[in-house]
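S.K.: Protein sequences appear in the order of chains A and B.
Heads up: the first sequence runs through residues 1 to 320, numbered per this note's numbering.
Heads up: the second sequence runs through residues 1 to 261, numbered per this note's numbering.
Read the hints as simulated data drawn from the structure, not as lab findings.
Note that CB positions come from ideal geometry on N, CA and C, so glycine has one too.
Take these hints with a grain of salt, some might be off.
Result set (DSSO-like, lysine-lysine): computed pairs, CA atoms no more than 27 Å apart in a straight line [to be verified]:
(1) 286(A) <-> 106(B)
(2) 279(A) <-> 17(A)
(3) 286(A) <-> 259(B)
(4) 242(B) <-> 316(A)
(5) 182(A) <-> 253(A)
(6) 286(A) <-> 242(B)
(7) 259(B) <-> 279(A)
(8) 279(A) <-> 249(B)
Just so you have them, the derived chain A footprint on chain B, three or more residues with Cβ under 8 Å [to be verified]:
(9) 91 to 99
(10) 173 to 187
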Amino acid sequence: MAEVLVYVDHVDGAVRKPTLELLTLARRIGEPVAVALGSGAENTASALAEHGAVKVLTADAPEFADYLVVPKVDAVQAAYESVSPAAVLFPSSAEGKEIAARLAVRIGSGIITDAVDLEAGDEGPVATQSVFAAAFTTKSRVSKGTPVITVKPNSAAVEAAPAAGAVEALEVSFSEQATGTKVVSRTPRESTGRPELTEAAIVVSGGRGVGGAENFPVVEALADSLGAAVGASRAAVDAGWYPHTSQVGQTGKTVSPQLYIAAGISGAIQHRAGMQTSKTIVAVNKDAEAPIFDLVDYGVVGDLFEVVPQLTEEVKTRKG
Amino acid sequence: MSLRIVVCVKYVPDATGDRRFADDLTVDRDEVDGLLSELDEYAVEQALQIADEADDAEITVLTVGPEDAKDALRKALSMGADKAVHVEDDDLHGTDALGTSLVLAKAIEKTGYDLVVCGMASTDGTMGVLPAMLAERLGVPQVSLLSEVSVEDGTVKGRRDGDTATEQLEARLPAVVSVTDQSGEARYPSFKGIMAAKKKPVESWDLEDLEIEADEVGLEGAWTAVDGATERPARTAGTIVKDEGEGGKQLAEFLAGQKFI
Ligand SMILES: Cc1cc2nc3c(=O)[nH]c(=O)nc-3n(C[C@H](O)[C@H](O)[C@H](O)COP(=O)(O)OP(=O)(O)OC[C@H]3O[C@@H](n4cnc5c(N)ncnc54)[C@H](O)[C@@H]3O)c2cc1C
Ligand SMILES: Cc1cc2nc3c(=O)[nH]c(=O)nc-3n(C[C@H](O)[C@H](O)[C@H](O)COP(=O)(O)OP(=O)(O)OC[C@H]3O[C@@H](n4cnc5c(N)ncnc54)[C@H](O)[C@@H]3O)c2cc1C
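Isolated chain B (complex conformation) (with noise of 0.2 Å):
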């Protein structure tokens, strides 16, 4: 029996870049450039590990996004993942992480899965909450910001590693899991990889395909609103010194200064 494998991966700003916002309020996507959110490759990578070990095992890559986000998905095929689910329409401009969640949950299940599998966060928004988010909606165990993670059995068990205690966890499939970046890193494309993605399945999805009216998500539908962004004020220039010799002292004296000490 094959394990139906969805990674959730979004295209993000790249975070070197200048990022900032639009006229309406949303993330300016035109002056910087995108790419798949570096936290998303280590789940790529765990799918891919998980679907190794399991006899037979397919691995959709599913991102919510405008048409560049193919981009993303391309990365994930180049890694090694079967097809890709692209979901995109005008409409969903300016949603917020419950309609995301929405069009996630009802892609994931028209797709059909056994394991979903996201990243920790994504690297703009970094909320952190989408993976809970779907396991509520699909109503299926969360079993989330493991450090490792394997798949037996109809079984999933990981490693949480949290601020109190590290944490074995175990659940029946159907789950959605969540990686950190402590997982292991992320292979490269290879040049095989990258030929092949080129010919692999790239599905389109829109709104109407997912029975999802265009009030729900939007701008327009959020459950949220921005109703500001400034840029954070330069901060002034501080004082440089270079060591000879007493270094420690002068910057003892900063912060003594400071009533630091």
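In isolation and in its complexed conformation, chain A is listed as follows (with noise of 0.2 Å):
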């Protein structure tokens, strides 16, 4: 059976859940072979073995966290060359998305990003993109060179399928341009102790309707009730009432949750691009005319002030 290369999103060999389920995807096309490269990548390997990895190639070097991307790119090619594989996959997180553009212009390969599903058809893998702010589904498939697709987080059920998951050391020698550019310091973002915003299964954001920055702890309380993931409006990020990187839309994440519920949200199109793909979607904003109400499962019109404290009180109550 052909191998499939899937590039492994950790942080210091915790493997974050996009990859397991790119695991699951990966297995659709061949068997997995995964990609874990610089500080704890050798720890990744039983948790990348337990979702169906036959072989963890690792590698670790100062370069792969003191330049920015391509130290990565030498390391991918390198697998790519020991493999021969039928598809590379990446995350389609920043960096991922990057390391498979170069990767895809270094050998000569069609890319396909942000797939939402992906299946083996007779010319190669299938690619499902949604498009135009979800409007449209499009199946895609890279008709030149080895597929280098990019999967979208909560694109599959995550499935354990256990297999050797043998580790390998994985030589790479770096090019020129490794060392281009510097990572001169790097400041961790500070743990929030809630659910990741593009893997939570139910997202509570805030938008300009909140009022201020304030005012957020209402939207976070509804969120901590229901164990859900805090995102925001641009409007609202804009306003410096939430962090950038809670922003929902277009350039902000893509979040495809079971529940998405909007509070004081209009629902732009470049928001929309960001939560229509969720599978239940819920607003309260006071206007009855908002264009959020057009995509709601289930729509309260009045004043979120009133509405959300009162469902938080709610599933406290019947949660015990």
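Fit chain to chain and form the complex, with the hints in mind.
M.R.: As structure tokens, then:
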């Protein structure tokens, strides 16, 4: 069976969920071979093996952390050359896309980004994309070279499928380009303790209607009662009420949770681009004409400061 | 010594219009008005600010696109860019990311550059891959997704706000930079700017000028193929209630029914 390279997104050895989803999708096309780079790479092996990786190629070197993107491209290219895979899959993170982009140029292969599903086809893997702010669904494939595909988080349910997961050291020689962009400093983001926005099953977002940073705890309290992640519209982010990393939309994160709750958000096309594929959509807005109501499964026309706290209380009561 | 800045700008269908696909599964550009991708306005703005800080700088805006794409160039010129290059050729219809990066890289090399500035992603394809591809093709550093950028003494510095960390980056010129919508509001063209733009030079190049064969680009030469595009079915109308004091409880009832609580 053909091998499929899967790029591993991990933090010090802790594999992030989108990678496990990738392994699930990769098994539809072939046998997953994982590539894990940087500090803690070897510690990813057991989680990857549990989810179907037949082999885990690992490499660590200071270059991976000290310089931007290119050292990782060199490593993935080395893996590509040693495996000759049927496809190379990446998570659709900023870094995943950039590594994929450069690899595609190097190996002369087509690239598809932001796939939301993947299947085996007669002429290679077929990717489903959700485009134009999710107004259209397309099916596409790579027609020249080895398919390079990036996949959005929440595109598949993670399935366990124990495999060998044999760890092998990957030989990497860095290109001249590798040290071109220095990472002078890196400040890790403080954890909120809440689920990761793109991975969460429930997302509660606040918009301009929240009215100020001092009111965001209303949104956070609902999120916490549901075990949800907190998102924000660009209006709320631009006003400085919530960090940009929480922005949902075209220039923020795309989320595709089971449940999306929008509070005080009008539903502009750029916001919809980031949440329209959510399974169930709920909105609270005092304007009955707000476009967000065109999308909802359930909408409440009302003041969020009345509706949301009441909902939070009710959730807490019902959950005991 | 003059700092040569090339800003890559894309002409895209207006996102607030009814965007759709044509019969050949490329973007239908006839039905919807086009404009300069809003995210590329940020790139033009940062280029203008970098040029202001430099002793001497020249900004060229570059687009690969159909006839109408000149509108995007005009907008960038009216914001303050100095000159424009339009790569236009019937054989470019249907070009994918790999092909676009090839054409842009050749045009950038032909223009000459010290710094290439791109947006973070186009508002139509939204791939966010072109800047990395350009850096790869040009063989220069990539300093991408910056929310803050500056150039001094032949070095570009910037801040990248990632998912898990904020990074300070640094590279020697020549380099390819991309900037996010957090980099600072783009200016509006002034009346003077709009008038001045009419006199600024717009050069038109075709594939032959760039020594690219027709079969390397376009729908025929594409590295990817779109086999189908279907409109997402409209969502079935949901339940909408007016809050009469029980809105939160009614919502909780709905969520419980859906097994979220
Ligand atoms: C290139 C580009 C990229 C963009 N990217 C994004 C993006 O990634 N994400 C994004 O979100 N936007 C993005 N935008 C901005 C987008 O166009 C909208 O401006 C933005 O989404 C509006 O945010 P909002 O819904 O919070 O604010 P508004 O549109 O002002 O809506 C606020 C809503 O709150 C309601 N409201 C007010 N008070 C209350 C109350 N007490 N109770 C209940 N409801 C109340 C109002 O009725 C209104 O509907 C982008 C724009 C551009 C041009
Ligand atoms: C809905 C949709 C989905 C697509 N999916 C794919 C796909 O999966 N694979 C694929 O290979 N192609 C795809 N394409 C084609 C692709 O969008 C174009 O080839 C495009 O020019 C490059 O990708 P992008 O627009 O997403 O650019 P991005 O990488 O998002 O653009 C980043 C920056 O590059 C610069 N730039 C991009 N295009 C141009 C241009 N023509 N002229 C000047 N500067 C430019 C701008 O500075 C821009 O801000 C898709 C197109 C559409 C409309």
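S.K.: All hints, please: hold or fail.
M.R.: Now the hints, each set against the structure:
no.: 1; hint: 286(A) <-> 106(B); verdict: 53 Å, violated
no.: 2; hint: 279(A) <-> 17(A); verdict: 19 Å, holds
no.: 3; hint: 286(A) <-> 259(B); verdict: 26 Å, holds
no.: 4; hint: 242(B) <-> 316(A); verdict: 23 Å, holds
no.: 5; hint: 182(A) <-> 253(A); verdict: 26 Å, holds
no.: 6; hint: 286(A) <-> 242(B); verdict: 9 Å, holds
no.: 7; hint: 259(B) <-> 279(A); verdict: 13 Å, holds
no.: 8; hint: 279(A) <-> 249(B); verdict: 21 Å, holds
no.: 9; hint: 91 to 99; verdict: holds (count 3)
no.: 10; hint: 173 to 187; verdict: holds (count 4)
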